[in-house]
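From just these sequences and the hints, can you work out the full model?
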Amino acid sequence: EAGVAQSPRYKIIEKRQSVAFWCNPISGHATLYWYQQILGQGPKLLIQFQNNGVVDDSQLPKDRFSAERLKGVDSTLKIQPAKLEDSAVYLCASSFPMAYEQYFGPGTRLTVT
Amino acid sequence: AQRVTQPEKLLSVFKGAPVELKCNYSYSGSPELFWYVQYSRQRLQLLLRHISRESIKGFTADLNKGETSFHLKKPFAQEEDSAMYYCALTTYYNTDKLIFGTGTRLQVFP
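Respectively, the protein sequence lines represent chains A and B.
If you count the first sequence from 1, position 13 lands on 13 in our numbering, and the numbers rise without skipping.
If you count the second sequence from 1, position 96 lands on 96 in our numbering, and the numbers rise without skipping.
If you are wondering where the hints come from, they were derived from the structure by calculation, not from laboratory data.
Capping the alpha-carbon separation at 20 Å, the derived lysine to any residue pairs in SDA-like fashion look like this:
| # | chain 1 | residue 1 | chain 2 | residue 2 |
| --- | --- | --- | --- | --- |
| 1 | A | K44 | B | N94 |
| 2 | B | K97 | A | Y100 |
| 3 | B | K97 | A | E68 |
| 4 | A | K44 | B | Q45 |
| 5 | A | K71 | A | T31 |
| 6 | B | K97 | A | D56 |
| 7 | B | K97 | A | L46 |
| 8 | A | K44 | B | P7 |
| 9 | A | K44 | B | K9 |
| 10 | B | K97 | A | G53 |
| 11 | A | K44 | B | Q2 |
| 12 | B | K22 | A | Q41 |
Structural data, given as C-alpha cells:
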C-alpha cells in the first residue's frame with residue numbers, strides 16, 4: 001500500500017515570497033491533516049479536512065496560510081507571504097474518519113531566509 | 001486547554017537497561033493517549049495507544065489518571081529503539097485531533 005505522498009521535500013525561499021506544498025493521502029482516507037513542526041517542538045495541527053470540508057482550522061494563521069482539498073483527495077497548503085518564523089517541517093497525514101491511527105507523509109522542510 | 005508535557009528532551013541508556021519515557025497531560029475530560037515514534041530517516045508512525053493495552057516492540061504504557069501520566073516503558077532497551085518519541089492525546093470533542101508533546105530523543109548505546 002502506498003503511503004502519504006508529499007512534495008516538494010525541501011524548499012528554501014526568501015521572506016515575503018509565497019510557497020505551496022502538495023499532499024496525496026492514502027487511497028480511501030477521507031480525513032486529511034496538515035501539521036507544522038518547528039524545530040524542537042512536536043507537530044501542531046494547522047488544518048483538518050474531512051473529504052473536501054474543513055473540520056478544524058483554529059490554529060491556521062489565516063492572514064497568510066490557506067489550504068484546500070478539491071475533490072476530497074489531494075490537498076495543497078499555501079503560505080503567502082512567508083515569514084522567517086514559518087521555517088518548519090510541514091507534515092501531511094491521513095486517516096479513515098474517527099479512526100485512531102494517522103498515517104504521516106515524509107514532510108516538507110521549509111527554510112525561509 | 002489541553003496540553004502534553006514530555007520533560008526530557010534526551011534520554012540516553014545502554015543496551016539492556018530499562019527505559020522510561022515520561023509523559024504528563026492536562027485535560028479535564030477523559031483523554032485518549034498515544035505514543036508515536038520517528039526512527040531516523042523514517043516517517044512518524046503510531047507505536048501504541050492506551051486503549052489497546054498492547055505491548056508493541058516490548059514497549060508498554062499505562063494511563064494513570066490520578067497522576068495524569070502515560071509513561072512509556074521497556075524493560076530492556078535495544079539499539080534499534082533509538083528514535084524520537086512523541087506522546088499525544090485526543091479529546092472527546094475531536095477524537096481525530098492529535099495534540100503532541102515536544103518529544104524525547106532516546107539514544108541506546110551498545
